[in-house]
Amino acid sequence: MSTVDEDILQDFLVEAKESIEKLEELFVELEEDRGNIEILRELFRTMHSLKGAAGFFGFKTLEGIAHFSEDILSKLRDGEIEVTEEIIDMLLRATDHIKYIIATIEEKKTEPVDDNILEFLVELSNFTEKIKKGIVPKGESEKKKEKKEEVKEEAKAEGTEEKKEEKKEGEEGSKEEASKKEAKEEAPRPEVKESPKEEKKAPAEKTSSKAVPTPHVTLTETHIKVDVRLLDQLMNLAGELVLARNRVVQISQKIQDPDLLRSVQTLSLVTTDLQEAIMKTRMQPIGIVFNKFPRIVRDLARALNKKVKLFLEGTETELDRSIIESIKDPLTHLVRNAIDHGIEPPDIRVQVGKPPEGKLVLRAYQEGGQVIIEIEDDGKGIDIEKIRKKAIEKGFLTPEQAQAASEKELLALIFKPGFSTADKVTQVSGRGVGMDVVKTNIEKLGGSIEINTVLGKGTTVRIKIPLTLAIIPALIVTSGNYRYAIPQVNLKELVSIDPTKEILNIGDTEFYRLRGEIIPVLRLSKILNLENGEEGESKNLVILTTGERYIGLLVDKIFDSEEIVVKPLGRWFKNIPIYSGATIMGDGKLALILDVVGLSKYIGLKVEDIDRAMEEEKLRKPSAEETQFILLFNVGEETLALPLALIARLDKISAQDIQFVGGKEVIIYKGKVIPVVRLENYLPLQGLPPQDYYSVLFFTEKEKTCAILCSEIVDVIETTLEVEEGLYNHEAILGHRIIKDRTVLFIDIYKVIEMYDPEWFLTPTKELEVPLRILLAEDSPFYRNMIANYLVAAGYEVETAENGAIALEKLKTEGHFDLLITDLEMPEMDGFELIKAVRADESLKDLPILVLTSLRGEDIERKVFELGANAYEVKLEREKVLNRVKELIGERVKEHAA
Amino acid sequence: MNLIKKEDALAESSQKSILMQDTLTVVSFYMGDFLFGITADKIVEINKDLEITPVPLSEDYILGIMNLRGQIITVIDLAKKIRLHAKITPKLNLIIKTEDEAPVSFVIEEIGDILEIPVAKLEKPPEKIEGLDKEYVEKVYQLPDKLLLLLNMEEIFKN
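These protein sequence lines map, in sequence, to chains A and B. Counting from 12, one number per residue, gives the positions in the first sequence under our numbering. Counting from 545, one number per residue, gives the positions in the second sequence under our numbering.
Careful: at least some of the hints might be erroneous.
[Unchecked claim] Straight-line alpha carbon distances no greater than 25 Å define the calculated SDA-like cross-link-like pairs of lysine to any residue that follow:
hint	chain 1	residue 1	chain 2	residue 2
1	B	K624	B	P670
2	A	K578	B	E595
3	A	K600	B	R627
4	A	K600	B	D577
5	B	K592	A	L580
6	A	K578	B	N591
7	B	K678	B	F701
8	B	K665	B	S602
For the record, the hints were derived by calculation from the structure and aren't laboratory data.
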């Protein structure tokens, strides 16, 4: 049984227990006040809902008992029979049995299999029959009696319809019976009662002597119902408590009294636990919302003549109930969109080679204080070009802007009011309202939304929302002597920078390069029009995310992360978008909470400008975005460079450590004999003059290590791998570049090692008649040459391309390739687009694709796999790359053989 | 620090007086040379020495927000709001009830007397009041030595 079912079952049990209690009370009341129709009605209703719920869960015995009891109650209620002690007795016994069944269900999740219960059911059924028969004489008309009897017989067979029949009967006979009914109510009462009572008494006694023992169970209360307002109040109080706690903690740290500190620590722990516990009371599984979707999806799919199979994942993920409430509508909208726009009609799906039934996944999971909800379909995806066209048509972008816009930017347009890509308006969607509302609603919850789509493959909408609204973790920063809180949800990372050097200007706006990503930088003090003591003093760059883009926020100081209680600002601040509220800090002072999405909107236009500018700049300077730590070192007078990541270790050795053994120079390092490599032997260098001490670079691969000798280590710098080619035509020199007024040679360490020991990298296994062909798409000459070199060394035939567009062209025109290796960040056509284009091409769709990147990130990894790449590796990890290549091509060779 | 906290009593008496169409209880206060009045039922309390946290980008008459026993309230520079042309030194926070959940605070210079004013004696403001915007004055009342200006709260709270 899944958790959600279990939750529902829990709810049912709670309700059932309440019902039982109510029944018991009411039956006792009824005994005192037998004519009270209200009590009877209440009893009937309670029994009826119990029956319904039991039926829903398939608890047959319970349903049966409740059914017969309900039956008797309905007759009592309608005044067809009189309340007698005997009847109440029977009904109370029924209640006891219900109680027993509920207790068993609670314990074992199933009904008890118990002869006693079945016997009781039979007894109850007979009893009901008797009572029904007992009514008949009241009719006193012979014909009626017969007729009724017949109807009863049928009705019994039909179970639940019985009641209806009964009523109809009553109506038919009402005219005739009208007078008799009156009579029944007054004078003849004893008489009418007499006979059935006697009839019944006997069997009742009989049964009790037959000893169907009434089970005696006491149900323990494990759940109670609590007013939601009370929970909200508790939550607020917990918030206040947290604030008071924060304050006490600060004071205690000032006073530094050990006793005080200890008790404050306890207070702190208890407060946190209390807050969590109270928060938990408000948590509900998202399944409550998810479980509504099977029906919605079914209805929608039918209305649109589509076949959709819905998968629910992570239904047990819990969220604050206020969020659960507000997430329902946006989710419904997104699911509608997925079915209406995403999933294709069955015939079209079959045509494109998909199963006729579309797949829709609703997935929820927790990730670092947030809940991620994904709506994933395997439909036709979103056509970026269509958005581009539509954007121009509807005047959202000029044709030039549209052409320059990135996929992310274009997808963001979907959330703009009045933007719809649906060709026609259907009853379900396409009116151009909705996605903007969805986004607004989610942002109101402090969440964010993003779309990933692959044309032809499907779309995934990812929503991130905080677990709870009232108390959130936030980073406290300062600007101009005041503190501001930034919700953790929006925080990506913190970077310490030197604003005078690392911030670059384009036009009026500043930006910062974060591992290749271009991020506009805002100065908090500037946005807030605050006097900032000294320009350039702020060194702390807080990288924020709005879900769509990153923003760098330069602040004066960064403090700890704190749990803050969100308090609303008054209406006087409604038109300032950059605050989402305020909070009271531990010292009683206030801090404004920054609204990151509002902030990005507030400076919105400028950001668009930056993006444009950067887009252009990116085209001008290929591969400018990838930075690496580069080791600069001297060999004699000359400076060489190579990526630090390729070097296992750096050390210094004395000249005396170098020994000449068997015609080879070696050093003994940490108990191992390591051969020495002198670069001047393989590279056109002047040579290494004798020194007392040498710097040594250790290079390790394939479990072999060598020591590269150099004069000194100059520096380690973080820079891009831009190099100029052509000046040095040497296979182990990848290019040169001027760094700090010196010409630095970027060397290919793999080539050098290969020259030193041709066997180093040899793998004995590959001996193919036709060499396997690899296309390498890589814009940076440094990487391109280096990777190509080691691939060739490993025995592959390598073709290279400077960008995605050229690669695609070569794939189409230059014969068969066994593997495509591609970089992600490239000018003109980037890796993402290249993969898409390849996968969209019929003749290339089975070509294995290996993505090589310097950008490590789960998001990117996920994205490339979504697009259809087969593997993903980091550029500088040569050995891994080669293994992966072997794996991919190996697989392919196998396929061919088969 | 609470200088006045008898709102209940005040509210009660003012309500009674309105009902009787008899007198109005008014809290008076000074700003510059002006004497203003706000009906007592609107006033929650009077405080001083509360720390104000500025809210950048807000209107110029908003001084910021402050923490009143866990409630965040907006602090308004009343002189600026009613465009009073006088140099004043804010000293006190007059906490005023609003229709919203949270009250607001008016920063004023000095608190005056609590007056019982016969409703019948209230007059319309004159055509022109030197040094201040007339629209914020609802009624005036002539005291022996000074003119008391009853503020139009609706106008002040209008956006």
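Checked hints:
no.: 1; hint: K624/B x P670/B; result: holds (21 Å)
no.: 2; hint: K578/A x E595/B; result: holds (17 Å)
no.: 3; hint: K600/A x R627/B; result: violated (29 Å)
no.: 4; hint: K600/A x D577/B; result: violated (33 Å)
no.: 5; hint: K592/B x L580/A; result: holds (21 Å)
no.: 6; hint: K578/A x N591/B; result: holds (22 Å)
no.: 7; hint: K678/B x F701/B; result: holds (15 Å)
no.: 8; hint: K665/B x S602/B; result: violated (39 Å)
Violated hints, listed in ascending order, are 3, 4, 8; each of the other numbered hints is respected by the structure.
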